[in-house]
Amino acid sequence: MAGVFLAGLRAPLTSAAALASTGRGGPAKEVSHPTFVVAHGPAVERNLRSALDALGGISRFVAKGDIVVVKPNIGWDRVPEQAANTDPKLVYSVIEMCYEAGAKKVKVFDKSCDDPRRCYVRSGIADSARKAGAEVKFVDERNFRQVDMKGAVLNKWPVYSEVLDCDKIINVPVAKHHGMSRLTMSIKNWMGVIGDPRGKLHQQMDLSLADLARFFKPTLTVLDATRILVANGPQGGNLKDVRTLNTLVVGTDQVAIDSYGTTLFGLKGADLGYLVAAAKVRIGQIDLKKVRFSSIEVT
Amino acid sequence: MANLRRVSQVVFLLAFFFLLTRTQYLGKDEIGYPVKIFLDLDPLFAGLLLLSSYSIKPILLLSLITVAVSLLFGRFFCGWFCPLGTLHNAAGKVAGRPKKTEHGLYTRNLRWKYVILVVVVFSGLFSMSLLGVLDPLSLTVRSFATGIGPAFEFLTRSAFDGLYARAPWWISRVSETVYGFLRQYVLAFNQPRFLQGALLGTVFIVLLALNLSRSRFWCRYICPLGALLAVFSKASLVRLRLSNACGKCGKCVGVCPTGASPAMGDGWRKAECIFCWNCVEACPERAASFGFAPPTKKEGRTDLSRRAFLWSAGAGLLTVPLLRISPALTKPHPRLIRPPGALSEKEFLERCVKCSECMKVCLTNGLQPTLLEAGLEGVWSPVLVPRMGYCEYSCTLCGQICPTGAIKKLPVEEKRKTVIGLAFINKNRCLPHAFNVNCIVCEEHCPTPQKAIVFEEISKIGPDGKEITLKLPVVVPELCIGCGICEYKCPVSDEPAIYVTNINESRSPERSLLLTPKK
Numbered sequence: 003m004a005g006v007f008l009a010g011l012r013a014p015l016t017s018a019a020a021l022a023s024t025g026r027g028g029p030a031k032e033v034s035h036p037t038f039v040v041a042h043g044p045a046v047e048r049n050l051r052s053a054l055d056a057l058g059g060i061s062r063f064v065a066k067g068d069i070v071v072v073k074p075n076i077g078w079d080r081v082p083e084q085a086a087n088t089d090p091k092l093v094y095s096v097i098e099m100c101y102e103a104g105a106k107k108v109k110v111f112d113k114s115c116d117d118p119r120r121c122y123v124r125s126g127i128a129d130s131a132r133k134a135g136a137e138v139k140f141v142d143e144r145n146f147r148q149v150d151m152k153g154a155v156l157n158k159w160p161v162y163s164e165v166l167d168c169d170k171i172i173n174v175p176v177a178k179h180h181g182m183s184r185l186t187m188s189i190k191n192w193m194g195v196i197g198d199p200r201g202k203l204h205q206q207m208d209l210s211l212a213d214l215a216r217f218f219k220p221t222l223t224v225l226d227a228t229r230i231l232v233a234n235g236p237q238g239g240n241l242k243d244v245r246t247l248n249t250l251v252v253g254t255d256q257v258a259i260d261s262y263g264t265t266l267f268g269l270k271g272a273d274l275g276y277l278v279a280a281a282k283v284r285i286g287q288i289d290l291k292k293v294r295f296s297s298i299e300v301t
Numbered sequence: 128m129a130n131l132r133r134v135s136q137v138v139f140l141l142a143f144f145f146l147l148t149r150t151q152y153l154g155k156d157e158i159g160y161p162v163k164i165f166l167d168l169d170p171l172f173a174g175l176l177l178l179s180s181y182s183i184k185p186i187l188l189l190s191l192i193t194v195a196v197s198l199l200f201g202r203f204f205c206g207w208f209c210p211l212g213t214l215h216n217a218a219g220k221v222a223g224r225p226k227k228t229e230h231g232l233y234t235r236n237l238r239w240k241y242v243i244l245v246v247v248v249f250s251g252l253f254s255m256s257l258l259g260v261l262d263p264l265s266l267t268v269r270s271f272a273t274g275i276g277p278a279f280e281f282l283t284r285s286a287f288d289g290l291y292a293r294a295p296w297w298i299s300r301v302s303e304t305v306y307g308f309l310r311q312y313v314l315a316f317n318q319p320r321f322l323q324g325a326l327l328g329t330v331f332i333v334l335l336a337l338n339l340s341r342s343r344f345w346c347r348y349i350c351p352l353g354a355l356l357a358v359f360s361k362a363s364l365v366r367l368r369l370s371n372a373c374g375k376c377g378k379c380v381g382v383c384p385t386g387a388s389p390a391m392g393d394g395w396r397k398a399e400c401i402f403c404w405n406c407v408e409a410c411p412e413r414a415a416s417f418g419f420a421p422p423t424k425k426e427g428r429t430d431l432s433r434r435a436f437l438w439s440a441g442a443g444l445l446t447v448p449l450l451r452i453s454p455a456l457t458k459p460h461p462r463l464i465r466p467p468g469a470l471s472e473k474e475f476l477e478r479c480v481k482c483s484e485c486m487k488v489c490l491t492n493g494l495q496p497t498l499l500e501a502g503l504e505g506v507w508s509p510v511l512v513p514r515m516g517y518c519e520y521s522c523t524l525c526g527q528i529c530p531t532g533a534i535k536k537l538p539v540e541e542k543r544k545t546v547i548g549l550a551f552i553n554k555n556r557c558l559p560h561a562f563n564v565n566c567i568v569c570e571e572h573c574p575t576p577q578k579a580i581v582f583e584e585i586s587k588i589g590p591d592g593k594e595i596t597l598k599l600p601v602v603v604p605e606l607c608i609g610c611g612i613c614e615y616k617c618p619v620s621d622e623p624a625i626y627v628t629n630i631n632e633s634r635s636p637e638r639s640l641l642l643t644p645k646k
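In the order they appear, the protein sequences are chains G and V. Quick note: the first sequence uses the working numbering, first residue 3, plus one each step. Quick note: the second sequence uses the working numbering, first residue 128, plus one each step.
Some clues are possibly wrong.
To be verified - Below, computed lysine to any residue pairings styled on SDA-like, alpha-carbon distance capped at 25 Å: (1) G/Lys-109 to V/Lys-155; (2) V/Lys-598 to G/Ala-272; (3) V/Lys-587 to G/Lys-109; (4) V/Lys-598 to G/Asp-243; (5) V/Lys-361 to V/Asp-591.
By construction, these hints were calculated from the structure, which means they are not laboratory data.
Kindly generate the complete structure, drawing on both the sequences and the hints.
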């Protein structure tokens, strides 16, 4: 588990020049980077590249020889246009960039809610991830390990071992409506790597999700708001509930990223109980005024 | 020629198994293989479909091939093609009983299959129920899909899981590679489990074990399809010829698997002969051969007297009222949730041949064989058991695969709107209703674009005096399609707090629940 990146990155920005830093050659130690970058533009791949450039380049996050887990949302038997799963093009680009940084292997999986075979196919993700060279497998029920999450409500819980054993994790969730938590974004995406009875988490949604955010420390979070689902989530189905925003929120603090994500739906971070709960135990920063982030327009 | 016949049997048996393993979702919405072609070749299905419902699926016209071959040449289907016949051969080999000459001779007991055929055909004028139980192809698919196959999978999975859990890494690495291959190309996606798998598997094994008594016991005494083809073969042209070199040694009779008396007793019986060529192979004098020859007097006799025929026909007709007085048709079992596209119950039973193809192909293992939920007439027909698996919103596989059209093939848009039942919430067990604990799992999984489960948000004072806000799930009956995913995913997992019954199903307009004004 690579948790090192979360710490130390919240140092205040000293130079605006950091924003312009596009060094993809290696970690730029002398400059500090924004916590997250919001990239808006018509092409998802360019959005990702621009955001990562602003964050110091992919090589800041993925090193040569790394085994990287890329965790999209492949929860539902829905097509990309319905915005229930992560955009397959984004998944492709994330994998591509991992390999550019020298990753040894990229793995893609999700514990789907509908039949996984259909979800993998219809989301378009299995196909695009394989094209990008990733290993795409279904979640193997034998591969869960009981882990003590040391959470407020989640203690012993099965966690997918490939997530525990990899070098880096990149969380690639999609932003959408959810009946219980109101919105599901980065933090709730971890429900796809824990075992059953995961449905129980809804009974203590806020504390459970804060526990997940405490336990899973991604190297990088890429929140997909290319299309968002504003009602009838988390699986939608009606194109009228989909808004096309062509936006990515890329960064390191999942609480701050989700807090920003709420604004895309006309809400604020404090509206989501689980973000409040997570911020309360200092997992991340919910108050966007205290976070340094940048927004870039990508052409 | 006997060896050629063996090759043909093995090839078709392998094809049968291959197609059975392909009877599952393989990444495409449409099934890419002709997975039910063996059933399509069965003239009993096509014929009875025509007689009972005055309709026929074009694909079943393939069975005309079977009819044509039987008319022209004889029961080659039984000897060279039928997977059940081949399995009987194999079982006979395994049983390894010494062959007795008299077992190759015709006896009057062989008539029983004609009696069964007549019963099946006359009851089949109104219901395919009996035929479905007794048809050899339906029987074989059903037994393998629900019993033998899952048992084999269980063995395989247990072995590989055991290696994975306990063997040293260099062994498990190899075993996992093999297992990965098997999972991709042979096994089902998940271990299939069927409510009556053990029963159906055992029935099949017992039928094979009857080879201990007589070789091809099923084919000799029971098989209605064999009997039908025997009738068709009356005027066929290929015959056993015995030259003068025949010394009546009886070797050919000893190897005859069906009691066709090649060279003794009354003489060769074409109706019983499956053209296996054993007799030709066994003849020390090379006196026996098959070829075109003029008919002999007794060869085509089925020995079914007019009286026996009438009794059997009457019995067949009588089964219909006996089956139909069951209350199952007028007061259906509330949990008899038929797959989407199933015809109205009466028409459904007229067509369903209990082949289990729909259960085999069902993504979620939710389609299960009934026992008595649909009355005796509906034994082993498909029922959705949401606790086992739900109906996947965008899946249309069961309708694509049904050989007789008992389940219609629906376009996916129509399937999504087809109502198979209605969900009810058991407030005594539902977490927010009963225990003031929020849950929402049913709502989250509800697949309709406009959710058929919505929340009533309430605030109340809990038992501890504190104010709580609760989201109480409520079903919207106009939107619910009864797919059962809510019941399947309900965390109250022993007796779910939300459950589906078949009221409101679109196939029975008379059972719609609510009177709603037109929108």
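Within 25 Å, alpha carbon to alpha carbon, are V/Lys-587 and G/Lys-109? Violated: V/Lys-587 and G/Lys-109 sit about 47 Å apart, past 25 Å.
Are the Cα atoms of V/Lys-361 and V/Asp-591 separated by 25 Å or less? It is violated: about 85 Å lies between the C-alpha atoms, which goes past 25 Å.
So if I understand the rule, the pair passes when the alpha-carbon distance is 25 Å or less; does G/Lys-109 with V/Lys-155 pass? Between G/Lys-109 and V/Lys-155 the Cα gap is close to 23 Å, so the pair holds against 25 Å.
Would you mind confirming whether the straight-line C-alpha gap from V/Lys-598 to G/Ala-272 stays at or under 25 Å? holds (20 Å)
Does G/Asp-243 lie within 25 Å of V/Lys-598 when you go C-alpha to C-alpha? holds (22 Å)
Hints 3, 5, counting from the list given before, are not met by this structure.
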